[in-house]
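Protein sequence lines correspond, in order, to chains A and B.
When the letters of the first sequence are read in order and numbered with our numbering, they come out as residues 1 to 387.
When the letters of the second sequence are read in order and numbered with our numbering, they come out as residues 1 to 359.
The set of hints was computed from the structure by calculation and includes no laboratory data.
Each hint should be verified, as a subset may be incorrect.
[Claimed, not checked] When the alpha-carbon atoms are kept at most 27 Å apart in a straight line, the in silico DSS-like pairs for lysine-lysine are as follows:
{"no.": "1", "chain 1": "B", "residue 1": "K311", "chain 2": "B", "residue 2": "K327"}
{"no.": "2", "chain 1": "B", "residue 1": "K327", "chain 2": "A", "residue 2": "K279"}
{"no.": "3", "chain 1": "B", "residue 1": "K289", "chain 2": "A", "residue 2": "K279"}
{"no.": "4", "chain 1": "A", "residue 1": "K109", "chain 2": "A", "residue 2": "K149"}
{"no.": "5", "chain 1": "A", "residue 1": "K308", "chain 2": "A", "residue 2": "K8"}
{"no.": "6", "chain 1": "B", "residue 1": "K327", "chain 2": "B", "residue 2": "K186"}
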Amino acid sequence: MDLAYTPKQQAFRAEIRQWLAANAPAQPLQSFDTAEGFAQHRLWEAKLNEGRWGMVTWPEEFGGRGCDLIDWLIFEEEYYRVRAPLRVNQNGIFLLGPTLMEYGTPEQKARILPKMACGEEVWAQGWSEPNAGSDMAAIRARADLRGDKYILNGQKIWSTRAVWADWLFGMFRTDPASERHRGLTFILVPLDTPGITVRPIPQLDGLPGFAEVFFDDVEVAVENRLGEEGAGWQVAMATAGFERGLMLRSPARFQETARRLVELYRANRASADGDPAVKDAVIRAWLDAESYCLATYQTACRLGQGGKIGAESSTNKIFWSELDQNMHATAMSILGARAELLPRAPDAAGVGTWLDGWLFAQSGPIYAGTNEIQRNIIAERMLGMPR
Amino acid sequence: MDFTFTQDQLLFQSSVRDFLTAEVTPERIRAGWDTASGRDPGLWHQLAELGLTGITVPEEFGGLGMSELDFVLLAQECGYVALPEPLVHTALVAAPLLRQIGGELAGSWLPGIAAGEAKVVVGLQQNLLVEDAHIADLLLLQREEGWYALAPGQVELRHNESVDPSRRLYAVEFAGGAQPFATGDKAAELTAATLDRGALGCAAQALGLAQRMVEMAVAYSGDRRQFGKPIGSFQAVKHLMANVAVRLEYAKAPVHRAAYSVANGEPVAARAVSHAKLMACEAANLAAKNSIQVHGAMGYTWEVDLHIFMKKAWALANAWGDTAFHKARIAADIFADGTALGAGTTFAPAVPDGELNPN
Chain A
1 MDLAYTPKQQ AFRAEIRQWL AANAPAQPLQ SFDTAEGFAQ HRLWEAKLNE
51 GRWGMVTWPE EFGGRGCDLI DWLIFEEEYY RVRAPLRVNQ NGIFLLGPTL
101 MEYGTPEQKA RILPKMACGE EVWAQGWSEP NAGSDMAAIR ARADLRGDKY
151 ILNGQKIWST RAVWADWLFG MFRTDPASER HRGLTFILVP LDTPGITVRP
201 IPQLDGLPGF AEVFFDDVEV AVENRLGEEG AGWQVAMATA GFERGLMLRS
251 PARFQETARR LVELYRANRA SADGDPAVKD AVIRAWLDAE SYCLATYQTA
301 CRLGQGGKIG AESSTNKIFW SELDQNMHAT AMSILGARAE LLPRAPDAAG
351 VGTWLDGWLF AQSGPIYAGT NEIQRNIIAE RMLGMPR
Chain B
1 MDFTFTQDQL LFQSSVRDFL TAEVTPERIR AGWDTASGRD PGLWHQLAEL
51 GLTGITVPEE FGGLGMSELD FVLLAQECGY VALPEPLVHT ALVAAPLLRQ
101 IGGELAGSWL PGIAAGEAKV VVGLQQNLLV EDAHIADLLL LQREEGWYAL
151 APGQVELRHN ESVDPSRRLY AVEFAGGAQP FATGDKAAEL TAATLDRGAL
201 GCAAQALGLA QRMVEMAVAY SGDRRQFGKP IGSFQAVKHL MANVAVRLEY
251 AKAPVHRAAY SVANGEPVAA RAVSHAKLMA CEAANLAAKN SIQVHGAMGY
301 TWEVDLHIFM KKAWALANAW GDTAFHKARI AADIFADGTA LGAGTTFAPA
351 VPDGELNPN
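Just chain A, same shape as in the assembly:
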């Protein structure tokens, strides 16, 4: 065990810090759930890619730097430190990207990954259906093979970023006689294909961060299948593993929230200490955010030495989503009567972005597999309790 960064890691940190200082937007971009904000974020992805910072862990041939997970954590730390823009293509770079590396053909990788890395193609997720949420194996949307094309019919819902995205990756039933997780196939779909209707769904903040997607005899070339026909469940589980696991929510994000919470508390101590639970909650926020960082470094080092992510990765999603909720709930308590004010309200001085964060934190225990499903997975696969 050696918990010091190597000179190479220090130099890497210095390099990304300098690049961000010169290139990160001085003003926050608009929300990527608006048309203008989406375009701004797409341009930012292109800029990141020019500096080869789009996805540092990817191989160089796909626009990455071939970095290990520790470098990735360093990158994320520097990125969140300066509050650089959220990643509009996170479905692509964090979820589909790693799955493509594992299951994609060389042609698929060469075609898709570079355009994903530069934001030219932004990806939406197409997993849930109206009757297949936590019970994802209940998927009914169909893909029927005719010649060299799949014909897609059915409906997806809660497709994050689908309103302005270019592509969607999703699971479709290719064997109509199949049940549950058999007979499903992972298919990549251009969202401008005829027969697709995208109906935006406004989220708690009023912006259309996700959508319903309807498929009506949509033709998709068979080359857009990822993995074997009928192996969709296995491919999707790999994606789910990355999502719950390291990539989607790096510790830096929560450490920065914890840091801002400490600042907020210190600035409002006279009123905040009126509720003795607040100070304790701030201390707990720091403890948990720091624990999440330490545990992630430990996992990253273990993976770097050839270890595998196991069922314990389901603990990860519960931990960060509840931490995020707790931290924002504490901030709301500290803000008191101002907490409900939108930042644009005339008397909202000092409320910052806590309300946005509070709204978004409500989604954490729901998306990427509800925390109840994660608890089942932990109980059954990690602890070995009976099904």
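Following the hints, position chain B against chain A.
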């Protein structure tokens, strides 16, 4: 950056676990409750033969010369079996304290510790009472004015019964006239380091205790049937255990960081130890709470072994600094002006000095 244990460290852990789970059974622990000393000289002899009593004793004094980091995984295993013998106290508190004191005291006592022939116990004011003072050959006691080294004949002991029948706690008094061997700054250094090592030992044991309680409750929930199926198949029961698994999973890395920090004298060691102890003891308390619930009425009996582990967890949660103490240490640090918080501040030096700061 390498946040992993070496193969040797993991192998050592595994062999100690095999030994302890075979030897330190709940039956043997219960047998100790009914003896006058509550201690098992045969078991201590076995631990000494394995080199464990001298694991942190420098090699020049006949020990293995290992660090707090080498011992932390073994301390977890001591927790896993709820070891009554004062191995964690010896390896993590007494021997490192003597090493730090140095000189004649170290030279006189460390070889005996390594050989398993001498028992040295340490008492801090912070702790109110002294663990295992009744079997001590030497007592190192911290008082307001400094540190004292006392022979058993110089002290008077008053036994205080603990909820954990394996714990033997004593109020220790000694007559005036004894001279402290360390005072002032030197004494304060010894006190601070000893408190951190003791708290680290509690945290590491708490990890093992929590793990053991989860395993017991999971096993019970697989055997116990109601409504025609194992109660472990019910979601309400599963989620009790999953909640423990989550808190336990995220308590491990802070404990390992704290051990590294203590072993390497990192400036953040005190904060790291408080962090570790709060996380690990909270996980162990939650494990106790949810494991007794899963056991139902059986969990409330003397007969079922769960209470061996629950009671040790409850005791350790407020030993070597209670939660108020450790939270206050965290607060004093993170609410202070000039403490670097946030992304990139966990490991030092994360931020190269000055020249790169874009803000």
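Broken hints, by number: Hints that this structure does not satisfy do not exist here, as all of them hold.
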